[in-house]
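Sequences are here, hints too, so could you generate the full structure?
Here the protein sequences line up with chains A and B, keeping their order. Residue 176 in numbering that gives the first Met the number 0 sits at position 177 of the first sequence, and the numbers go up by one each step. Residue 232 in numbering that gives the first Met the number 0 sits at position 233 of the second sequence, and the numbers go up by one each step.
Hint data in this document are derived by calculation from the structure and do not stem from the laboratory. By construction, the Cβ of each residue, glycine as well, lies at the ideal position given by its N, Cα and C atoms. Misleading hints may appear alongside valid ones.
[What the hints assert, rightly or not] Simulated coverage check for chain B against chain A, where a stretch passes if three residues somewhere in it have a Cβ under 8 Å from a Cβ of chain A:
#1 7-21
#2 98-110
#3 154-165
#4 179-186
#5 344-351
[To be verified] Pulled from the structure, derived: some chain A residues nowhere near chain B, Cβ distances all over 10 Å:
#6 E27
#7 K33
#8 S58
#9 I86
#10 I126
#11 R168
#12 E169
#13 H193
#14 R237
#15 R250
#16 K347
#17 E360
#18 K362
#19 Y402
#20 R413
[What the hints assert, rightly or not] List of simulated lysine to any residue pairs, SDA-like, C-alpha gap at most 25 Å:
#21 K362(B) to D146(B)
#22 K308(A) to P394(B)
#23 K406(A) to D210(B)
#24 K236(B) to F81(A)
#25 K406(B) to T180(A)
#26 K255(B) to S181(A)
#27 K406(A) to S181(A)
#28 K308(A) to V391(B)
#29 K285(B) to E208(A)
#30 K406(B) to R388(A)
#31 K354(B) to P394(B)
#32 K2(A) to V36(A)
#33 K347(A) to P392(A)
#34 K361(A) to R388(A)
#35 K289(A) to R192(B)
#36 K347(A) to K362(A)
#37 K84(A) to T180(B)
#38 K347(B) to R396(A)
There are 2 protein chains.
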Amino acid sequence: MAKPKNILYAQSGGVTAVINATACGVIETARAAKGKVGKVYAARNGIVGALNEDLIDTSRESARAIAALKHTPGGAFGSARFKLKPIEEDRTQYERLIEVFRAHDIGYFLYNGGNDSMDTAWKLSRIGEELGYPVVCIGVPKTVDNDLVLTDNCPGFGSVAKYVATSIREAGFDVASMHSTSTQVFVLEVMGRHAGWITAAAGLAAESENDAPQILLFPEITFDQEKFLARVERTVKRLGWCAVVVSEGVRDAEGKFLAEGGTRDAFGHVQLGGVGPYIAQMVTDKLGYKNHWAVADYLQRSARHIASKVDVEQAYALGAAAVKLAIAGENAVMPTIVRVSDQPYRWKIGVAPLKDVANKEKKLPRSFITRDGFHITEACRRYLSPLIRGEVPPPFRNGLPDYVRLKNVPVPRRLV
Amino acid sequence: MAKPKNILYAQSGGVTAVINATACGVIETARAAKGKVGKVYAARNGIVGALNEDLIDTSRESARAIAALKHTPGGAFGSARFKLKPIEEDRTQYERLIEVFRAHDIGYFLYNGGNDSMDTAWKLSRIGEELGYPVVCIGVPKTVDNDLVLTDNCPGFGSVAKYVATSIREAGFDVASMHSTSTQVFVLEVMGRHAGWITAAAGLAAESENDAPQILLFPEITFDQEKFLARVERTVKRLGWCAVVVSEGVRDAEGKFLAEGGTRDAFGHVQLGGVGPYIAQMVTDKLGYKNHWAVADYLQRSARHIASKVDVEQAYALGAAAVKLAIAGENAVMPTIVRVSDQPYRWKIGVAPLKDVANKEKKLPRSFITRDGFHITEACRRYLSPLIRGEVPPPFRNGLPDYVRLKNVPVPRRLV
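Dropping the structure here:
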């Protein structure tokens, strides 16, 4: 019997609090399927490592270290923001990958990323066959942006959602106590250049119109300064304070990012701050309210300490499913999350063809945003609420989360 | 026998993740001492409420609601940034407070705040006697800045410390995975206008020189751009990435805040961003590294979800001790934390005279900062490490921390 082929696993794009849980699902499932698949190699720094034949032998890691991936944020093998050129323009990168696969007996390529990565995996699945070295290519979904199609939601998103909703609730309690003599308006800037999923999730913290956040600014809704300021003023007059969550991707009527709205520093650089400080300053300039603002940036997508249990479980399950699909020879597919019911929340794993996922983007539906454009609807809450459920804190050591760092032993090179 | 006098409790200054745990300690201890003290009233929005005779009757809250204060951030009765005028200049505010105390049978005033508040409490303790209405005035320490003297540490600080150290560790795992094709330098701005305690605490996340944060910028150390950039470059050359924690209070050689360093937007406003984005942009301009930055702002001091167990316990114990001191008639004092040993960490409650605490500031000792000025020493770790120990997460409901909002029923006014 032929020696079973190896798996190559690669992480792609911005990392999340749970992408390593997917890696854990891949490696543990492959280890349990001994005899059916060979080793799991990981590409160092994502597809860049694959192109450079810079591979990591995960069989050199202990079972304990691999299990610890389930509670460790970031990308354990390194990720990459690197998009292959369109195959019509340049086949060499694709051919190089197949060459590396052939040199290391890679029979299965598992690409863990967003819609760009699904495109790459799909193209690889086709060119391998053309070159006489067929590789089973599986996309494994991952993105805090929650914008992949054909899956109910994306691993990584639920944990950011839990973090931003928790954070704005907490900051709301703070501002509510300070408003009589200090801060009246608090602004939190969150991720989401194109889709407002994360901003929407922050809205879960508000269970009544008195709760933070009272105002959400979505990239899907053109920013209207007058309407926004009127809403802030009305809220402050009613409650004494106001909490705003703004997506980094909010744009003005001309389609320009607000944070690029022409403000420059003394050296002519585009203003350093993001849209959070921009909005906060606008409130103070126009309404005279004292402001404070926060920009969560990477803190939101790496906050494994407050990860969603549902998110961690789904991330793991998708990694496990990818290996099972690979062993079954299901080429050019992506395992998905299928929602069975909202309440009680039930989900199962499904499968989608890569070609139908690649390069598509799922926006926040207009029906998830209230008519006035400043908050989320009940339909949105029904969709989002299960995704932030459950707590699975990491182990702590000396008061801090105890995250694992792998040895990441290189696979000896075989190509020149 | 005379009816026992009531307690007036007031929160002051910036709130914390655990100031309500102190309130819980005050109220639960007073309830248990029935017969020795009357009701606990709380001043709405801190001393402002006391001046306006706007008092809250905490006896109208259930035992369960009061117990929930122990896990709820912010200030449950409202706080104030409001400093009384010096008594030599204007006695009327002090006299007004005594008038309110007299009208509501207040025999004990518990003022929960920083060094300004200790000064106010001290002055009140003297003027009451002069006016023939002696009130037992107790200061209860609270400040994320950790800058009160005569107490080993201040409630509120340990939880911010745990939050910032956790956050920069998590962001470090993120940047480490992204550096090959994306972000190389990550900057986190933290609180601390005058003292670098919070910045120092972030340093706990680095257990080796390869860990985030590799560079700390303290307000105690004059910012030297050349040395800083050289250190960033050296770190990126060694590891591929670098994580920096900067205190909002960092100053240049002329004593000016860095973030006020002359950059203005197109309308002539002082630049919106804080020192975090300023430092991040400097790194990109001078060294060409791609940066990301975060400003935690209120998120850090309201993050009850990741509070330190030691901090919560001490906050509660100080509130309880304040009531016991009050009942014992100990006037013009502040209960303190006394460290008995570092390892195992043991502490007990002590007492300090308010006049020795008022208006003093405890800076980070130079011996806690490494010679090069960019990190913390072993002595600093020994001091800080116990303060972030233990996890006491709040209860969660629907995936989010379940915090309490009190009814805050007003006490009927008696003055005109």
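Against the structure, the hints:
Residues of the stretch 7-21 of chain B with a Cβ under 8 Å from some Cβ of chain A number 4, which satisfies the need for three, so the listed coverage holds. Coverage of the stretch 98-110 of chain B by chain A is violated. Counting CB-CB distances below 8 Å, 0 residues qualify, and the rule asks for three or more. Figure legend: the stretch 154-165 of chain B, annotated as covered by chain A; annotation consistent (3 residues with Cβ-Cβ distances under 8 Å, at least 3 required). Check on the stretch 179-186 of chain B: 5 of its residues sit with their Cβ under 8 Å from a Cβ of chain A, so the three-residue criterion for coverage holds.
A stretch counts as covered by a chain when three or more of its residues have a beta carbon under 8 Å from one of that chain; for the stretch 344-351 of chain B and chain A the count is 0, and the coverage is violated. Every beta carbon of chain B lies more than 10 Å from that of E27(A), the smallest distance being close to 20 Å; the non-interface claim holds. Against the 10 Å criterion, K33(A) stays outside the reach of chain B, whose nearest CB is about 28 Å from its own CB. With 10 Å as the threshold on Cβ separation, the claim that S58(A) sits away from chain B holds: the shortest Cβ distance comes to roughly 21 Å.
At the 10 Å boundary, the C-beta of I86(A) stays outside the reach of chain B, the nearest C-beta of that chain being 20 Å off. For I126(A), the non-interface assignment is confirmed: its Cβ lies about 22 Å from the closest Cβ of chain B, beyond the 10 Å cut-off. With a closest Cβ-Cβ approach of about 6 Å to chain B, R168(A) is found to fall inside the 10 Å limit, against its non-interface label. Not every Cβ of chain B is farther than 10 Å from the Cβ of E169(A); the closest lies at roughly 4 Å, contradicting the non-interface assignment.
With a minimum CB-CB distance of about 18 Å to chain B, H193(A) clears the 10 Å threshold, and the non-interface call stands. Under the 10 Å C-beta cut-off, the non-interface status given to R237(A) relative to chain B holds; the minimum distance is some 16 Å. Under the 10 Å C-beta cut-off, the non-interface status given to R250(A) relative to chain B holds; the minimum distance is some 18 Å. No beta-carbon of chain B is positioned within 10 Å of the beta-carbon of K347(A); the least distance is around 20 Å.
No beta-carbon of chain B comes within 10 Å of the beta-carbon of E360(A); the shortest separation is about 20 Å. Every CB of chain B lies more than 10 Å from the CB of K362(A), the least distance being 24 Å, so the non-interface label holds. The Cβ of Y402(A) does not lie farther than 10 Å from every Cβ of chain B; its closest approach is about 6 Å, which violates its non-interface assignment. Under the 10 Å C-beta cut-off, the non-interface status given to R413(A) relative to chain B holds; the minimum distance is some 22 Å.
Proposed proximity of K362(B) and D146(B) is supported: the alpha carbons are some 6 Å apart, at most 25 Å. For a cut-off of 25 Å, the pair hint linking K308(A) to P394(B) stands: about 15 Å separates their Cα positions. Annotation: proposed proximity of K406(A) to D210(B) holds, straight-line Cα distance about 15 Å (limit 25 Å). Distance hint between K236(B) and F81(A) is fulfilled; the C-alpha atoms sit about 21 Å from each other, no more than 25 Å.
This hinted pair checks out: K406(B) and T180(A) have alpha carbons roughly 21 Å apart, not beyond 25 Å. Taking the CA atoms of K255(B) and S181(A), the gap is near 24 Å; set against the 25 Å cutoff, the hint holds. For the given pair, K406(A) sits about 50 Å from S181(A) by alpha-carbon distance, which is inconsistent with the 25 Å threshold. For the hint linking K308(A) to V391(B), the alpha-carbon distance of about 18 Å falls within 25 Å, and the restraint holds.
Note on K285(B) and E208(A): the hinted pairing is violated, with a Cα-Cα distance of about 46 Å set against a maximum of 25 Å. With a C-alpha separation of about 28 Å, the suggested pairing of K406(B) with R388(A) is violated against the 25 Å cut-off. Between K354(B) and P394(B) the CA atoms are separated by roughly 40 Å; this puts the pair beyond 25 Å, and the hint is violated. Restraint check for K2(A) and V36(A): the C-alpha separation of about 8 Å stays at or below 25 Å, so the hint holds.
Distance check on the hinted pair: K347(A) and P392(A) sit about 24 Å apart at the alpha-carbon level, within 25 Å; holds. Among the hinted pairs, K361(A) with R388(A) is consistent with the structure: their alpha-carbon atoms are about 22 Å apart, no more than 25 Å. With a C-alpha separation of about 18 Å, the suggested pairing of K289(A) with R192(B) holds against the 25 Å cut-off. The suggested pairing of K347(A) with K362(A) holds, with an alpha-carbon distance near 23 Å, which does not exceed 25 Å.
At most 25 Å may separate the alpha-carbon atoms for a hinted pair to count; K84(A) and T180(B) meet this at roughly 16 Å. Taken as a hint, the K347(B) and R396(A) pair is honoured in the structure, with Cα atoms around 24 Å apart against an allowance of 25 Å.
Hint compliance for this structure: hints 2, 5, 11, 12, 19, 27, 29, 30 and 31 are not met, and every other hint is.
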